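Following the hints, complete the assembly by docking chain B onto the known chain A.
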Amino acid sequence: KAGVTQTPRYLIKTRGQQVTLSCSPISGHRSVSWYQQTPGQGLQFLFEYFSETQRNKGNFPGRFSGRQFSNSRSEMNVSTLELGDSALYLCASSLYRNNEQFFGPGTRLTVL
Amino acid sequence: QKEVEQNSGPLSVPEGAIASLNCTYSDRGSQSFFWYRQYSGKSPELIMFIYSNGDKEDGRFTAQLNKASQYVSLLIRDSQPSDSATYLCAVNREADTGFQKLVFGTGTRLLVSP
Chain A
1 KAGVTQTPRY LIKTRGQQVT LSCSPISGHR SVSWYQQTPG QGLQFLFEYF
51 SETQRNKGNF PGRFSGRQFS NSRSEMNVST LELGDSALYL CASSLYRNNE
101 QFFGPGTRLT VL
Chain B
1001 QKEVEQNSGP LSVPEGAIAS LNCTYSDRGS QSFFWYRQYS GKSPELIMFI
1051 YSNGDKEDGR FTAQLNKASQ YVSLLIRDSQ PSDSATYLCA VNREADTGFQ
1101 KLVFGTGTRL LVSP
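Protein chains in written order, with the numbering used here: chain A, 1 to 112; chain B, 1001 to 1114.
Rather than coming from a laboratory, the hints here were simulated on the basis of the structure. Since we're looking at a predicted model, the values are computed, not measured. Don't be surprised by glycine CBs; every beta carbon is placed ideally from N, CA and C. Check the hints yourself; a few may be wrong.
What the hints assert, rightly or not - Here's a subset of chain B near chain A, in silico, CB distances under 8 Å, partners left out:
{"id": "1", "residue": "Arg1028"}
{"id": "2", "residue": "Ser1032"}
{"id": "3", "residue": "Phe1034"}
{"id": "4", "residue": "Tyr1039"}
{"id": "5", "residue": "Ser1043"}
{"id": "6", "residue": "Gly1059"}
{"id": "7", "residue": "Phe1061"}
{"id": "8", "residue": "Leu1075"}
{"id": "9", "residue": "Ser1084"}
{"id": "10", "residue": "Leu1088"}
{"id": "11", "residue": "Phe1099"}
{"id": "12", "residue": "Leu1102"}
{"id": "13", "residue": "Gly1107"}
Next comes chain B alone, as it looks inside the complex:
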């Protein structure tokens, strides 16, 4: 089992729809969770972070965290073609060294059609 799992997609949604991206993680001790957006040929860009159970909204983006189910999701409302990118879920946990380590999923490719 991978530490952070995401469906690779592509997830196709029409313009204006809600895109729902999901991520599960294996380490119950994980404390903080991040969503990155990566356009083709570019580096990942941090778009959301969440530390507590529940929802966190920022503009058209909502991150949802359920620690009991070890599940984190990202909702993108009013999806635009410019949202087409790969979305990486990252989970911060304690490594064997005792220090924090950020673990990334393989990403979900989102395609928003006009």
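Bound conformation, chain A alone:
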């Protein structure tokens, strides 16, 4: 069974731009969670989607948004990029029973 895939793997943007990241979960998984990871802050929860509905949201500004499609694929968008948004963005999928989450390889975003 294929794992979680994320595209693109690397991205360089400048301040003020916006970016969209994509995540395809493991086949059959309907829950997708997004995390931001930086050296100083560790793994920070962004949001979680299940059946196209956002069920949980972390403490991030409204510039961070996401959505999930009917095939469970998910996207997250960051508008008006700031230097502090430079991070590894991780997507994880689960069957949602015990929330056993499996991570994708991540998208490394650099904001210049």
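Positioned in the frame of chain A, the structure of chain B alone reads:
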């Protein structure tokens, strides 16, 4: 108090020794517990999960759970240099939304010296 607490380390052990990684959590209603391993520059990889009090063994790894003490640990026997990584403890609990939420600790860095 953080929801999930881990000592950041580094925890240094010699090759062949037992590495003991510890994690405490604050929500007594937490039901399931996970250990992830993360190599530098890579994404977290699930290595163990435990739902019931007691020990669960998988190869060189043993997860231990004590719900009364709100404590979960990971033992790595016969530690190898390839075990050098950051180990993240994660706890599944009910969020304010009523849905499940996985909460991660900040991780313990393990260094295994040859």
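Evaluation of the provided hints:
1. Arg1028: Where the cut-off is 8 Å and the nearest Cβ of chain A is about 17 Å from Arg1028/B, the hint is violated.
2. Ser1032: It holds, given that the least Cβ distance between Ser1032/B and chain A is near 4 Å, below 8 Å.
3. Phe1034: 7 Å, holds
4. Tyr1039: 12 Å, violated
5. Ser1043: 4 Å, holds
6. Gly1059: 18 Å, violated
7. Phe1061: 16 Å, violated
8. Leu1075: 20 Å, violated
9. Ser1084: With a closest approach of 17 Å, the Ser1084/B hint is violated.
10. Leu1088: Holds. Min distance 7 Å.
11. Phe1099: 4 Å, holds
12. Leu1102: Hint on Leu1102/B: holds, closest Cβ of chain A at ~5 Å, below 8 Å.
13. Gly1107: Hint holds; Gly1107/B Cβ to chain A Cβ min 6 Å, cut 8 Å.
The earlier numbered hints that this structure contradicts are 1, 4, 6, 7, 8, 9.
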